[in-house]
Amino acid sequence: MFKIIANREVGPGIFQLVLNYDQLPQKPEPGQFFNIKVSQSGSDDPLLRRPFSIFDFDAAEKKVEFIYRVVGKGTKILSELEAETELDLLGPLGSPFSLNKNKGNVHLIGGGMGIAPLYYLSKELKSSNQKVYLGAANKAELEFFEEKFKGLGVELHLAAMEEKLEIKGSALVLWLNYLEKNTPDYVYTCGPEKMLVAVERECLKNNIGGELSIEKRMGCGIGVCLSCSCETKAEDQKNKRACVEGPVFGLGEVVLSA
Amino acid sequence: MPEKQSKLEQKITKAELNLSVVMQSQQKSKQNNLNLKNPLITASGTCGNGQELANFYDINQLGAFTTKGITVKAQSGNRTPRIAETSAGIINSIGLENPGVENFILEVLPETKEYTLPILANISGYSEQDFEVLAEKLEGREELAGIEVNLSCPNIKGGGMIFGTEPEKVYQITKKVREIYSGYIIVKLTPNITDITTTALAAEAAGADAVAMINTLSAMKIDIEAQKPLLANTFGGLSGPAVRPIAVKMVYQTFKKIDIPILGLGGVKNGSDVIEFMLAGATAVGIGTINMTDPAAGPRIIKEVEEYMLKHQIKDLSSIIGTAH
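Going down the list, the sequences are from chains A and B.
When the count follows the working numbering, it moves up by one through the first sequence with no breaks and lands on 258 for the last residue.
When the count follows the working numbering, it moves up by one through the second sequence with no breaks and lands on 1325 for the last residue.
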């Protein structure tokens, strides 16, 4: 069982959910997610759980954190839950980002709520040789993330669509500005699918390896319903499930829809 | 009065409960019956091929297991989004994504060997001939206790549900499959029909051992922000607690009309739902959508059925089948 320690708004419509747990089947890895039952007291509405990638994890404190934006019925209900509320979570689920390769100069590119899994990733990479490029609609949406990433001591670049930070524009444009003079050896990215498509294209063109985490409408989160199937570019054309083989895929592994 | 008292004195204990049910076969030999240690059967397409649920509990605790629907050739399924949510239900349009029967035999069936419970293979076709091919391929497979003939998938074009809405077609396909396949045959029926008893009778007349009802109800959802259908396939099939009363009604309606057992399913999420289906006339009860939202539900539901039996002092669960009539 999980218990809410904090569930607070950290940006416009953006919430930080901090949970305390008794025990976990295994240590959650960056890029994995938990499937949270948001309906309370046996209600069937909404019926499905909501998948959230792990924003932060602390084994010593027995804490797992998520960042979410209120977009619909499920997240609305979640945002109204108070501290001490017990929650039903399944996880950690899915395949994580790989951490153990010698990756040299690493770039993390996150857009919108796609920033969430990159924080735990950045923390676990434990490398000073990482540069982080984040983008969102405005400064207010980025303030919380800015403070958190600064705490990790990584090189941080910020962009907003509605106002000029380092640039006025997307995380993608920000990153592309740096790409030529500072080519990474490896890239991790999460955000809107259009951004993933562009990052993937640039990386494949320049022979840069990397991984992306996709968001796909899921049913079960455990691989049984095949709602989140992704087309692959593999020869056998076998689909891959975002909830089991993903949500983290290698660049070029699955077909993205631009 | 004394009788009641003596009943109270001899209270049935948990150890005495008998949850087993027998799904009788229309074939002469008793060997063809499907014996289940309890009435719970996983619904096709909600449990993968077992491994996924094995992370949550030992699926051998269930009555039987139904594999994800297979077709003659591998299918990559419909485009995404394939799932939409509604109050107390989901609408899916997966489109029978599956590796095809050859790979099913090579890759999936060997994995089921570690299970001790009866395994049912769900088969779907795009033509009558497809069902014959599938029956031929699966005939004699010792890993299987039987097959579930899906004449009701709403998510494939030119097949599935089309066959299931016409009693003549149900009869023809079931008869063909019966001629080829010697194991237990369950015909899964669609609720998207005026009178489901007509197709149930057709399946029975053609030699089906049992009927399963209901498959999903044809449905759709419109994304009002995008002002477009949410599912890439436009239409899908509704399942979950929202459909249960319809399924219960159809089981109830069919029970008195046919002599073969009914596998009742639709929105079961706890023990009381299982009881409701059995009172309506189901011999076995499917669990589907609940596996997606609560993967560990199987053993919990069994426990809840036992609690009901103790509360009502029912020793043999099968004694309540159809007793709401």
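Hint data in this document are derived by calculation from the structure and do not stem from the laboratory.
Wrong hints could be hidden among the right ones.
Stated by the list, open to error - Keeping only pairs whose Cα atoms sit at most 25 Å apart, straight-line, the calculated BS3-like set for lysine-lysine is:
| id | chain 1 | residue 1 | chain 2 | residue 2 |
| --- | --- | --- | --- | --- |
| 1 | A | Lys62 | A | Lys126 |
| 2 | B | Lys1303 | A | Lys37 |
| 3 | B | Lys1073 | A | Lys73 |
| 4 | A | Lys238 | B | Lys1249 |
| 5 | A | Lys194 | B | Lys1256 |
Hints and how they fare:
no., hint, result
1, A/Lys62 - A/Lys126, "holds, 20 Å"
2, B/Lys1303 - A/Lys37, "holds, 22 Å"
3, B/Lys1073 - A/Lys73, "violated, 39 Å"
4, A/Lys238 - B/Lys1249, "violated, 40 Å"
5, A/Lys194 - B/Lys1256, "violated, 57 Å"
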